[in-house]
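Visitor: Sequence:
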Amino acid sequence: MTTTHTSIRDQPARTAAALSHPGLIRLITEIDDHGPVPNTLARVFPDLPRHQIRHARDTARDLGLIDTDHHTYRLTDRGTALADLYDQAARWARAHDHPARDSSFVTRVQATFDHLTRAARNGETAASGTGHLLDALLGLSGTTPAVAYRPLSEAA
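With the working numbering, letter number 32 in the sequence shown gets 1473, and the count goes up by one each step, no holes.
What the hints contain is simulated information worked out from the structure, not anything from laboratory work. Ideal placement from N, C-alpha and C gives every residue a C-beta, glycine not left out. Treat each hint with caution, since some may be false.
What the hints assert, rightly or not - Derived DEER-like restraints, expressed as beta-carbon distance ranges: (1) A1483 / R1515: 16 to 22 Å; (2) R1491 / R1562: 16 to 22 Å; (3) A1536 / R1484: 17 to 23 Å; (4) H1475 / G1580: 39 to 45 Å; (5) H1492 / H1573: 31 to 37 Å; (6) H1475 / D1518: 17 to 23 Å; (7) P1487 / G1580: 29 to 35 Å; (8) G1580 / R1502: 16 to 22 Å.
Construct the entire structure; sequences and hints are all you get.
Guide: What follows is the structure, encoded as structure tokens:
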């Protein structure tokens, strides 16, 4: 019984870990902001190493966040829900200068997800005004530990 309680309690952390990769945040946000992107992602993200692009693409596919045809990637309904959560998380962080006033969008999302996991562990989401964000994060918690903990390959 303790194992089940622990796994439910750790679900926000596992989900946040799977969804906090900078490349994934940028991929989902790019598609949300500009529509389908060509499957030649290196052209869309010239500043990211290829292994980070592959990791983001593979994670997005594995989690059912993107669909592809032969030429483009587009968001699924689940991907659109995640893009909305990223936007809400960044807005909350900006309103609270979290983690800092001049943080980037990616950093704000990551810091908010980190805040959510700590607050959920301590039962403090209502006090911090992030209960709705935690609910949205848990709504996306269909990740499996194998996906959530997939290591980022350092190979180019």
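Visitor: Starting from the hint 16 to 22 Å, judge whether the C-beta atoms of A1483 and R1515 obey it.
Guide: 18 Å, holds
Visitor: Given the hint of 29 to 35 Å, is the C-beta distance from P1487 to G1580 inside that range or not?
Guide: Given range 29 to 35 Å: holds, Cβ gap about 33 Å.
Visitor: Can the suggested window of 16 to 22 Å be confirmed for the beta-carbon pair R1491 and R1562?
Guide: Taking Cβ atoms as reference, R1491 and R1562 lie about 35 Å apart, which means the hint is violated.
Visitor: For the range 16 to 22 Å, tell me whether the beta carbons of G1580 and R1502 fit it or not.
Guide: 20 Å, holds
Visitor: With 17 to 23 Å as the target window, see if A1536 and R1484 comply at their CB atoms.
Guide: Between A1536 and R1484, where Cβ atoms are some 34 Å apart, the hint is violated.
Visitor: Is 17 to 23 Å right for how far apart the beta carbons of H1475 and D1518 are?
Guide: 18 Å, holds
Visitor: Do H1492 and H1573 keep their Cβ atoms within the hinted range of 31 to 37 Å?
Guide: Because 35 Å falls inside the window, the suggested range holds.
Visitor: Range first: 39 to 45 Å. Now tell me if the beta carbons of H1475 and G1580 are that far apart.
Guide: For H1475 and G1580 the Cβ distance comes to about 25 Å; the hint is violated.
In terms of the numbered hints stated before, the structure departs from hints 2, 3 and 4, listed from lowest to highest.
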